[in-house]
Amino acid sequence: MPNAIGIIFANNGYACLQGLAQERPIAAVPFGGRYRILDFALSSMVNSGIRTIGVVTPHHYRPLLDHLGAGKDWFLDRKAGGLFILPGVMHSLAGNNHTFCIKDLEHNIEYLKKDFVENVVISCGDQIFNMNIIDALDFHNDKQADVTLIYKENDYFGDLTDEMFLEMDEDQKVSSIRDQKGLEWTESGRPHYVNILIIKRELLLDIVGRYSSFGCMSLISILTKNMEVLKIYGSPTRSVIGTISTINDYFDQNMDLLDQEVRERLWLGADRIHTKIVDNPPTQYTLKAKVSNSLIASGCSIAGEVLNSIIFRGVILEKGCRITNSIIMSKCHIHENAQMEYAILDKAVTVHEGNVLKGSLSNPLVVHKSSVI
Numbered sequence: 007m008p009n010a011i012g013i014i015f016a017n018n019g020y021a022c023l024q025g026l027a028q029e030r031p032i033a034a035v036p037f038g039g040r041y042r043i044l045d046f047a048l049s050s051m052v053n054s055g056i057r058t059i060g061v062v063t064p065h066h067y068r069p070l071l072d073h074l075g076a077g078k079d080w081f082l083d084r085k086a087g088g089l090f091i092l093p094g095v096m097h098s099l100a101g102n103n104h105t106f107c108i109k110d111l112e113h114n115i116e117y118l119k120k121d122f123v124e125n126v127v128i129s130c131g132d133q134i135f136n137m138n139i140i141d142a143l144d145f146h147n148d149k150q151a152d153v154t155l156i157y158k159e160n161d162y163f164g165d166l167t168d169e170m171f172l173e174m175d176e177d178q179k180v181s182s183i184r185d186q187k188g189l190e191w192t193e194s195g196r197p198h199y200v201n202i203l204i205i206k207r208e209l210l211l212d213i214v215g216r217y218s219s220f221g222c223m224s225l226i227s228i229l230t231k232n233m234e235v236l237k238i239y240g241s242p243t244r245s246v247i248g249t250i251s252t253i254n255d256y257f258d259q260n261m262d263l264l265d266q267e268v269r270e271r272l273w274l275g276a277d278r279i280h281t282k283i284v285d286n287p288p289t290q291y292t293l294k295a296k297v298s299n300s301l302i303a304s305g306c307s308i309a310g311e312v313l314n315s316i317i318f319r320g321v322i323l324e325k326g327c328r329i330t331n332s333i334i335m336s337k338c339h340i341h342e343n344a345q346m347e348y349a350i351l352d353k354a355v356t357v358h359e360g361n362v363l364k365g366s367l368s369n370p371l372v373v374h375k376s377s378v379i
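Sequence positions in the sequence shown follow this note's numbering and run 7 to 379.
Some hints here could point you the wrong way.
[To be verified] Straight line, CA to CA, 30 Å or less: simulated DSBU-like cross-link-like pairs of lysine-lysine:
id, residue 1, residue 2
1, Lys294, Lys337
2, Lys282, Lys237
3, Lys149, Lys119
4, Lys296, Lys364
5, Lys149, Lys282
6, Lys206, Lys85
7, Lys337, Lys296
8, Lys237, Lys206
9, Lys158, Lys85
10, Lys149, Lys206
11, Lys206, Lys179
12, Lys78, Lys364
13, Lys353, Lys120
14, Lys337, Lys325
15, Lys231, Lys282
16, Lys179, Lys149
17, Lys282, Lys296
For the record, the hints were derived by calculation from the structure and aren't laboratory data.
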């Protein structure tokens, strides 16, 4: 068992998700037919042997609690350790995005003090990945590092606004952390920090004590200010798929699941992604159903045509309807001869007979939860 506990910051929110994260944090947004986005960070920690995990929640935490319960589906319903719900601090003046905010840690300082482990693994709850952190923990301990930042090599040449990049020496010791506000790299292979880090617990307690009075400071900005006195290393990974911060991110990364290679990397390896278990019957397909290159969860009734789409649990598609390049979340009901293309339907949407919903690849149409059309 690793000598570490985990913290997942699940209190990120994004107004640019067009309402999908309006009444839930991004971590609780449904993904991939049966998961929530939080499942990926939580499962990666569990699969790495971490059995004490705290989830920092926002003020609209009910969807998270409904999904997580006591942590049974992630093997975290335990007498020692287990799942801890850590209420986040309200940051009404700081915007919606507070990555690793020190005030959140100060508000839950007892969680850090009660367990005498050596290290803390910290992750965001808005990323899609399947990563075993054991190798990074071993690297962290071998280097006797104060902090280890997880990174991936980035081959993207375009605008990388708000991304963080590492500069390292041959021993992988980090010499600088750069924020590329609107700049462009002219060479490939830049180490791209992926909002996952390992830090010594005693150091984290010291940082919280020193900086909690400064307001909503992020942990990474504090580390950047103290590069010269801390031993900060970088550890590579190829596991991170991407961060979901816009509706296009959400749509594209769901659609990437239709690629068998992506599914194998994310779901079919030795480490599985765990989620809340729902006992549904198998999906029923009528003789008129036509399905091509799609993911369809359990408990559905399919009588129409589905092409290049993701259908969540309990969806009803009546005869004559046509679903193309779309994401239909659980308990939606699409009536006869309705059509949709490049659409994202939140939970429990009803589309009546003959309606046509159409977005585009660059601007998918989003229909809010429980809408009736």
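How the hints compare with the structure:
no., hint, result
1, Lys294 to Lys337, "21 Å, holds"
2, Lys282 to Lys237, "39 Å, violated"
3, Lys149 to Lys119, "24 Å, holds"
4, Lys296 to Lys364, "20 Å, holds"
5, Lys149 to Lys282, "37 Å, violated"
6, Lys206 to Lys85, "25 Å, holds"
7, Lys337 to Lys296, "20 Å, holds"
8, Lys237 to Lys206, "11 Å, holds"
9, Lys158 to Lys85, "36 Å, violated"
10, Lys149 to Lys206, "12 Å, holds"
11, Lys206 to Lys179, "16 Å, holds"
12, Lys78 to Lys364, "40 Å, violated"
13, Lys353 to Lys120, "39 Å, violated"
14, Lys337 to Lys325, "17 Å, holds"
15, Lys231 to Lys282, "40 Å, violated"
16, Lys179 to Lys149, "9 Å, holds"
17, Lys282 to Lys296, "29 Å, holds"
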